[in-house]
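Chemist: Sequence:
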Amino acid sequence: MRHAEAEYHGHLLRDRPDLATRFGVRGAESRLVPVTEATLRSDPAWLTRLASRLAALDGRRLTAREAARLDSLRAQVARELAPHESGAWARDPALYLELGPGAVFESARLRGAGACARTRHATRRMRALPEVLRAARVTLRALPVANAAVAESLAAPWRAAMDSLRALPARLAACREPSREADLVEADSLAIAACGRFVRFLREERAGAGAGD
Numbered sequence: 370m371r372h373a374e375a376e377y378h379g380h381l382l383r384d385r386p387d388l389a390t391r392f393g394v395r396g397a398e399s400r401l402v403p404v405t406e407a408t409l410r411s412d413p414a415w416l417t418r419l420a421s422r423l424a425a426l427d428g429r430r431l432t433a434r435e436a437a438r439l440d441s442l443r444a445q446v447a448r449e450l451a452p453h454e455s456g457a458w459a460r461d462p463a464l465y466l467e468l469g470p471g472a473v474f475e476s477a478r479l480r481g482a483g484a485c486a487r488t489r490h491a492t493r494r495m496r497a498l499p500e501v502l503r504a505a506r507v508t509l510r511a512l513p514v515a516n517a518a519v520a521e522s523l524a525a526p527w528r529a530a531m532d533s534l535r536a537l538p539a540r541l542a543a544c545r546e547p548s549r550e551a552d553l554v555e556a557d558s559l560a561i562a563a564c565g566r567f568v569r570f571l572r573e574e575r576a577g578a579g580a581g582d
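Note that the sequence shown ends on residue 582 in my numbering; no numbers are left out.
A couple of the hints might just be wrong.
Claimed, not checked - Estimated spans, in silico, between C-beta atoms of each pair:
#1 P413 - E546: 15 to 25 Å
#2 A424 - D461: 25 to 35 Å
#3 P413 - A433: 28 to 38 Å
To be clear, the hints were calculated from the coordinates, so they are not data collected in a lab.
Built from N, CA and C at the ideal position, the CB exists for glycine as well.
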């Protein structure tokens, strides 16, 4: 169980830093990694094998604390595997909202971190956001072409995320290092622009109203 746990945590830190932060695995709070066609081919098989190994473990032979860790690990692997099994990565833009802006906000409010550390983490994740969303436009290959009303409903949560990104520098104002503040503002602008391009992709390209960029 400990070996499987270490292996999965290594995967999170390397390949899914957004989930690492969400699951309480520390060490990747400044990183984001895109979901790509390559990871959509490789990750499901690896996660399925790990889930099978975890399912084969006999929780009755573990201490109560170890058994609780095993239950948590099984749930985390199942949660990561679910959108691969359902095909949601190819059709559900909400997953990329969690992978991108959502992960930025989690770094910005990270418990136990000082204001400047949270600013550094959020800044670096925002700088990674354009590449995350560029990849998303490729992997969302099964997103149905919709009418304007449906496309607008898909875009609405992203508009809300852009509003939250605009407010982020003020939320992190407790960090008084001028260089860090300047980096934050610049990264914030890049992230908002990337989200804006993604909104146009959802509203215009997917609604058949014209080219996104």
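Chemist: When the structure is checked against the list of hints, which entries are broken? Sort them ascending.
Modeler: 1
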